[in-house]
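Asker: Protein chains in written order, with my numbering: chain A, 4 to 248; chain B, 4 to 248.
Check before you lean on any hint, since a few could be wrong.
The list cannot tell twin chains apart, which means a pair is met if one copy fits it or any two copies do.
[Said to hold, decoys possible] Pairs of lysine to aspartate or glutamate, DMTMM-like flavour, derived with a Cα cap of 20 angstroms: (1) K185 to E167; (2) K93 to D184; (3) K157 to E178; (4) K82 to E49; (5) K53 to E167.
In short, the hints are calculated from the structure, not lab data.
Number of protein chains: 2
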Amino acid sequence: MLGDIGFDFLRVFYNTHVHSTPTLSYSLNFKGIPFKTVWIEYPDIEKTLKDLGIAACATKPDGKTPLYTLPAIYDPVTKTGLTESFAIAKYLDEKYPDKPTLVPRGTETLQKAYIDATMSKSDALWQFVLPKTTWSLNERSEEHFRRGKQTLSKTMEEMYPQGEKRKEEWKRLEEDFGQIDKWFGKEDILVMGEEGKVCFADFAFAGFVIWIRIVFGKESEEWKDVSGWQSGRWGRMIQTLEKYE
Amino acid sequence: MLGDIGFDFLRVFYNTHVHSTPTLSYSLNFKGIPFKTVWIEYPDIEKTLKDLGIAACATKPDGKTPLYTLPAIYDPVTKTGLTESFAIAKYLDEKYPDKPTLVPRGTETLQKAYIDATMSKSDALWQFVLPKTTWSLNERSEEHFRRGKQTLSKTMEEMYPQGEKRKEEWKRLEEDFGQIDKWFGKEDILVMGEEGKVCFADFAFAGFVIWIRIVFGKESEEWKDVSGWQSGRWGRMIQTLEKYE
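This is chain A alone, in the form it adopts within the complex (with noise of 0.2 angstroms):
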């Protein structure tokens, strides 16, 4: 087992390239709890999460196999690996009680709602990133990933929108976004406003926002679009969490 061979630092398991969303990364950072990244391709997750005795937080479109997913952590102090980055935010939260909360007392189910609800109104998001990020994936990983999602109706070319549809999925885009922000009060950056405090639940809608600036670049159109949208409010937020990063 790579446990055995002895971490010096918590580690944290991402896929390689563009598909990695950096909520778990800012979520260490935010914590300043010290790691190192390493980076695995798709065929090898299910191998080294189960080298590393890292259980399966879900199940294949059977109902049975577990699947293995990203990001993982790994902590050498605790001898303790896991996956699914809410469970992980608690975890830690739990094992470093010396350092920022991620979920405070009394917001996990608030919290969890968030996030089910501004992935559930950024549908739109996935037909622009899933093919982008596919097409930057190396040969090995592009085939893989690929198989992974041959349960969706469209191959990846099908599903990118193009000429008039793309405008106007862009659009569709827009306006949910314009419904996530609508629960924010008009100067606040954060989920948790006024207060200034940064929760996991910022993380992870950012760590999904910021997908947009990863496969299309920081200077790309679409990235520009985005962080103006809704009188600027997730490139501030963005911005705001820059030191995260």
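Let chain A serve as the given structure and place chain B on it in line with the hints.
Answerer: The following block gives chain B in isolation, referenced to the frame of chain A:
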């Protein structure tokens, strides 16, 4: 103006009949603010609110015509009337700072997201409760209510699921509630969990769930089902909040 004739107590304006979910009366009882309920027939809502100088908080599907909705309140102490239950909750917190808080600092965005998410997940519910509500109204309100729902693609009678379809849709509602259940810690009954604190989001979702009890009846199979789903979570939730009903 009704306001000028002098109310002794805060007034809550509710639709007559079963359409009234108790979110606001829960909230006022929780805060311990005495109030009297004024029951209004659907066709009288607009005039009543206009007479009290209460602004509409939404527009009709044309995007322009003001849409006057209930519940609303009129507070004789501040001579203020307003509508939309989250806005009312915030008003009550602000004007009655010595009373228990419905929207604790830092939870507004999270509570709004929770309410939006629970409503979105429960979309299978409308086809049951909207027709049942319609059929319980008196003639004058029923006609008005049906007219207001003409933008829906189906009549109430077409919408109400029958036979196998009914079983499937009821099952779908149970599964959708199961998604909400997953956000809660196993022992939690309230949204803010272990803290034991009640907040507005509890009243909003409970007000929605209890609609099932209102339209089908306390002894109905439907209410027994819902109370028992997810190891009795929703039954326990309603029971815990009963003292504020």
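Asker: For every hint, state whether the structure bears it out.
Answerer: Evaluated hints:
no.: 1; hint: K185 to E167; verdict: neither (27 angstroms within a copy, 39 angstroms between copies)
no.: 2; hint: K93 to D184; verdict: between (26 angstroms within a copy, 18 angstroms between copies)
no.: 3; hint: K157 to E178; verdict: neither (24 angstroms within a copy, 26 angstroms between copies)
no.: 4; hint: K82 to E49; verdict: within (19 angstroms within a copy, 65 angstroms between copies)
no.: 5; hint: K53 to E167; verdict: neither (46 angstroms within a copy, 44 angstroms between copies)
The structure does not agree with the numbered hints 1, 3 and 5 stated previously, though it agrees with the rest.
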